[in-house]
Structure formats: structure tokens, C-alpha cells
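**Student:** These protein sequence lines are chains R, A and D, in that order.
Count the first sequence with my numbering and you get residues 1 to 349, in order.
Count the second sequence with my numbering and you get residues 1 to 417, in order.
Count the third sequence with my numbering and you get residues 1 to 77, in order.
Each statement offered as a hint is correct.
So, partial list: chain A residues that the calculated Cβ filter (under 7 Å) puts toward chain R:
#  : residue
1  : M1
2  : R8
3  : G10
4  : A13
5  : Y46
6  : L48
7  : D50
8  : L51
9  : V66
10 : Y91
11 : A92
12 : I118
13 : Y119
14 : D123
15 : P231
16 : Y368
Hints are computed from structural coordinates only; laboratory data are not their basis.
No residue lacks a Cβ here, since even glycine has one placed at the ideal position from N, Cα and C.
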Amino acid sequence: MTAVRNGYIRPVDFKHGHIDMTHGGGGRAMAQLIDELFMRAFDNEWLRQANDQAAFAIGAGRMVMATDSHVVSPLFFPGGDIGCLSVHGTINDVAMSGAVPLYLSAGFILEEGFPLADLKRIVESMATAARDARVPVITGDTKVVERGKGDGVFITTTGVGMVPAGIAISGDAARPGDRILVSGTMGDHGVAIMSLRENLTFETTIRSDTAALHGLVAAMIAAVPGIHCLRDPTRGGLATTLNELASQSGCGMVIAEKRIPVNGQVNAACEFLGLDPLYVANEGKLVAVCPAADADALLAAMRAHPLGEDAANIGEVIDDPHHFVQMDTSFGGRRVVDWLTGEQLPRIC
Amino acid sequence: MKYIDEFRDGELARGLASAIAHEARTARSYNLMEFCGGHTHAISRYGLKDLLPPNVNMIHGPGCPVCVLPIGRIDNAIALAARPGLILCTYADTMRVPASNGTSLLKAKAQGADIRMIYSSADAVRIAQENPDREVVFFAIGFETTTPPTAVAIAQAMALALTNFSVFCNHVLTPAAISNILESKEVRELGTVPLDGFIGPAHVSTVIGSQPYEYFAEEYRRPVVIAGFEPLDVMQAILMLVRQLNEGRAEVENEFTRAVTRDGNAKAKALVAEVFELRRSFEWRGLGEVPYSALRIKTKYAAFDAEERYGITYRSVPDNKACECGAILRGIRKPTDCKVFGTVCTPENPIGSCMVSSEGACAAHYTYGRFKDTAVVVAPTPLPVAVTSAAGPPQGASCAPPGGSAAVTAPSVGAHQ
Amino acid sequence: MCLAIPARVVDLPEPGMALVDVGGVQKRISLALVDDVAPGDYVIVHVGYALTKLDPAEAQRTLETFADAGLTGQEAA
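Okay, chain R solo, but in the shape it has when bound (with noise of 0.2 Å):
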């Protein structure tokens, strides 16, 4: 039961209420939504004290920031909702640099006739993530649009955070003879999203991957501080996060298709749309490349953590003028696997 504020009349109606034009009008209306959703949804010492700013203190050494805006639909999936992704999104790209990450903004852009309780139900999730990952969201800001403007909800996350002394990770780090490892299996978030597009449903429910992974991140770094890549395969998967390594660093790639890991239902439902696992959407998983000396190293300190269990050493950098990422077939054959062509649809032939 929500307790009413001085200076309101009733309660936000968060079961049957919706967005109107006055939550964004910067009046009483908004305050009250304001204070009464995610205030209290995220409740931190910044927050409350009530500025349109956050202030905080950090070392010295290289900050990070990241944005990331997220439209994904539907927004809500089994494994999550676009709220604790906003929130994992941005955490992952700060981490992708080696950066621990200290702080998140959230600003939400609502359409006229959002339902409230869709809403709370993004709000709570994104802070549950938020505390789960211990990475308060600090400060944000809320507008409203006139139906038919936004797809219900766009949420844009920033983060920053800080680079531990000694880390140099960037995508145009690769180099010949450097291992590739991934975090895990390919193709979750993505399959999880499709599957629930109208006229793609399954009767098995395939889950989202999204989570926060700095914490991996830090148990990889600490294991080898040598590390030269990370980046998260997040749109056009994992086959357009290598050609980006691969084309950052000037080299080229060699990988074999058995040591992918794929979970035995994303391979199904693949094969049922005609989707290629290898381009498919992750939320939770990372690629690393690291020098070879130390892939054993690396590879035993991401199984140990529990959003690496699965992590496999999939191949090596090497040199090649073109920047091809080529692939071993499970067959016994060599093919290139290329940039992803617009977005992967389904197909039929």
C-alpha cells in the first residue's frame, strides 16, 4: 500500500493508471510520479537529495563513460525486460574497457498512454539489477511523448567508471597469435527476443542471457592483467563483434565452429527460423582476446565465475591483410564468416 505524501492528494494509480502529458509537464504530476516510482525504486543518498544533478568524488586515474538507449521490443521476455537490460547494457560496455563501473543515469522517454504498471514493473526491475550489480542509478531525467511518438518506452543509460592502473584493453589491441575466448553460449537473447515476435512463438520458452558482467570482468582482469580485447556481442552477435576486432586490429581471425558453445535450444529454434546462432543478439556474454601464453590462465578464471561456466577458447588472431574472420567447419571445411547484413530475419527458403 502506497503511503501518500504531503502535498498530494492520492496515491499514483500504479495499478490502472497511464501516462499522460502532465508526468512530463514538469509540475506536481510529475513530481509525484517521480518520488513515488523511482525514487523509491532506487533510493540512494543522491537521490534523495533531490537535485537535477548528481555530485561525487572519485580518484585520480581514467575515467569511462557509456551511453546506450534502448528501444528493444517486447519489453518484457523471459530472463528480463527492458529495464534491468538498460541497466546491464550500460554497466557492460563501461566494463568492456576493464573500467569498474561506478554510477548510472537513466532517462526515460514515455508515451502517452504507457500503462503504470508496465512501468513500475521496468522501474523495479531496473533497480533490483542496479543493486544487485551495486551500481546506483544517480541521477535521471523523464519526459513524456504524444501517443504514437515512442514505442511505449525508450530508456538511454549512462555510466561511468574507473580504470584500474595498468590496463590498456581496446579493440584495436588483437595481435597475431592471440587467443579468442567467449563467456559462453551464443544466440540466448536474441532467440529469446524473436521467438516471441508475433508469429515466431514456440511452445518452449527460451530465456534472455542479460546480466551484468563486470564482475566477471574483474575476475578475468585479476587473472590476467594482460588482457588486449573485451567487447560484448550484443547486436549482429557474435560473428560482427569479431569482424570489428578483427578490423580495429588489422588482423585477421581463425575460429572452429565445435567450440562454440551454443545451448541446445537456441540451435533448435535457429534451425527452425533459419538463423545463423553466430549473429544472434547476447545480453550476459563476452569475448575476450588475450595473448596466447595466457589463455589457459584466462579461460580457468572465467569457468570458475558463474556467468562463465560455459567459456570457451574458440580460436587465434592471425595476420591477414583482408581482416577475414574464417571459420573451421564441424564439417571439415573453411568458410569466412562475414559482417552481418542488415538485421538477421527469419527466412523460409
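Keeping the supplied structure of chain R fixed, place chains A and D upon it in accordance with the hints.
**Tutor:** Here is chains A and D on its own, set in the frame of chain R:
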């Protein structure tokens, strides 16, 4: 996955590769066309070329219904979708095919047309039932595998007495396309295209059976082996074709016995015959007009025929002059023979039918095989239409140099471990 | 063309429909094009329809053919 994984076994693959290498006589070449786009895809995806001896050449045929769908028909579909209130239901494959004026179904959708991707024709019927005051059109494409599902949808619509549902029919026929290739001047008279045998389509054959191919084997004296969809099936079929050619036989053999019989699926065939009839002629992108190669909806079901309902007129749109798809579809040229392959024409910006879907010969080679060409420019990021870099004309040599990759100094992680 | 996969029939929830399973993923598909399908059978599924039943004996025979061809090839190699 049962009946899938076993047919992808690497050990068995090596065994079959040895068998083919052993039985293929070095004194001759074996030029085999895999008609079906799904086979093209399997060959590319599993790197089958690596496992074949250099004198066994795979030629990619026109068995990709998206590839051979003329631009003009996509224009028709886009025009339908632009009609106010109309819902166009389509398989996802057609969404990105470029139509006239730089548009596509995907772009039309972005501009507000109600275009819905569906998995099954049954979804289109359901959408019609759920939206009784909207017109619903199902954009039907595909070979004989996909035609029975459309027939079921039309029969259902009739049984439900739907008044807001129709089908824009673009179903095409496999035997007609094979005839067209074999009748082409280069094959028949000039003999310049050595086309020794065919790998017959897997799933089309589950419907039509193996019997329709007997005509080709007899009339054109070329063996046909119907192959299943998995890479081991394809390799076994290649072995069977090599044997037939060595023994001077020209028969129809069935490798896909677990799903194909001589007569096929009588129930499906009957339903198709009930709903559809032959068109006298139909344009295939890349092949031109092909007689008796496509189906239209019978008058009895005219209420469900979008062409009747909306008075659709077809305008043929020619392909870019530089496009070599017509020759490539007939096996006369290879992707690397085309001046625009890999430069202007890429999967991001397909100029012709062979690049349009991932099973077209050019798309398959670009996506999976071009790392073996030495002179093709690689475009890692989407190119605008103008060529931004050049590296000399693509070589006219065969797609893959014998043995392995010459272009890349990779440690041989093992095509033959 | 014609992406189709072998699927195991798990259940017949209503006339003309089957619940099939591929590698643990289940989907409802139409049986309008095939007759006499029972749970335990395998069917080839394309765009939400079963096109034909798969013959397990023939499948086994085909796998054996692959293996035999391989043996001959290796002996000769």
C-alpha cells in the same frame, strides 16, 4: 537434433570425401549443378568445396524463389501494401529485396505500410479472421514445397467464407526451370557449358516425388540424384553422380529416401491441383520468360486471387546492364566473372537476383567463399553505390583454387584433420 | 530454398494440428498435408506444415551407406 546432427558428422564427411576423390577420374571433370538454393547454402555454409577434388565443380542453379522473383512483382506487392488499410503478409525472405526506385518491402514498412512478417500461410488466414474490416493479402512465393501450404490457406479461407483475404500468387515450378537451363543455347547446341548432372532438390521432391525428373534423365541424358538437405546427403549425392557418369548411366536416383518416394505426397499434389493451374508463361528474374513455369489461382477461387481482386498489372523491370545473373543462373558464368561482384554488388546493395538472397550463387560466394579469391576487393562496411576502392578486374578463374586458400597465410587448422 | 527440418511429433492437441519437438524446442504445426501421423513419428516441417513423414529405417540405411562409402574410400586411399 535427431535426423539432423547425424547427417552433419565430420568423420563420415571425411570418408565420403575420400570416396569421391578416389572414384573421380582425374582425366575428366565433373560439372554438377545443384538446383536448389538450400543445397547452395549447405555447400557454402559447411565449406564443402574444400572436401571435393578439384575436378568436381559445383554450379549453382536458379532454385531460389526469392532470387528469381522479378522486380516488377515486388513492385506489385509494395503497391498492394500501399493501399490504405491493407495488410500485406509476407515471408521474411522478401523484405529486403530491392524493388524499383530504391524501395523495398522493408522500406515501405518503415514508411508506414502495414506489412507483417509471417512464418506460415496459416498466420495470414488468422490475421484476416482477426481483422474482418481490413483487406489482407498474402504474398505467396516459393517452389513446389511452399505451394501446398498456400493451397491449404486458400481452401481454409473458402471454408471460412472469408471476404477480406486474398493471395498474390508467385509460385514457380522446378522442372520448368531445369528445362530452361538445359534448353539454353549454350548447353544444348554450343555445348559450351559442361553440365553433366544435377543434384535434385530435397524438399520439392518430397511433394512432387522423384518421377518428374525421369524426363530430364532420358531426354537430356543427364543423371539426376535427389539429395537431402544436410551436407552428408549432398556429398553422397555427388558420389552417386560421379559413379553414374563413370558408368555412362543417366538415371534418376534418390539419396533422400527417408523423405522422398517416386510419387511424392499425393494429398499435397491433389490440393495444389484443386486450387492452382499453370500460367502459359512467367518471367523469372535472370532467365526471362519461361513457359509453363508458374501457377495462378483457378477461377473457382478467384475471390481469393489478389491479381483479380485488385486488377494488378505487371510491368517488367529490367536488371542493371552490368548484371551477369542470367548467365550465372544458367551456369555459364561464375560470380567472380561479373564486373560488379563484390564491388558495387554486395549483399548490402544487391544489384541482381544472385546476390539478393543468401542462397543466390553470388551471395553464397560473397558471404562464405570469397576469401579464397585473390583479387576481389573486400568491403567490410556497407558501401555506397559508387565504388570507393578498386583492385583490378576480378579474375575469370574458378571460384576456389584447388586445395586450399591461397589468399590467406593461415596456419592450416585443418580441413582434413 | 525450402528450409525444412525433421521434427518429432509429441502430441496431437487438436484435429489437424501437431505439437512437434526439435532439439527441445516445441512448436505447433499443421497436419493438413499428411495423414496417419501419430506421436513418436517424425515429420518434415516447412513453414508451419508437415510435408511428409520421415522413414526411420531409410534414415538408418542412408547413414550406413555413408559409412560404407567412407570405408571403401579409405581402403583405396
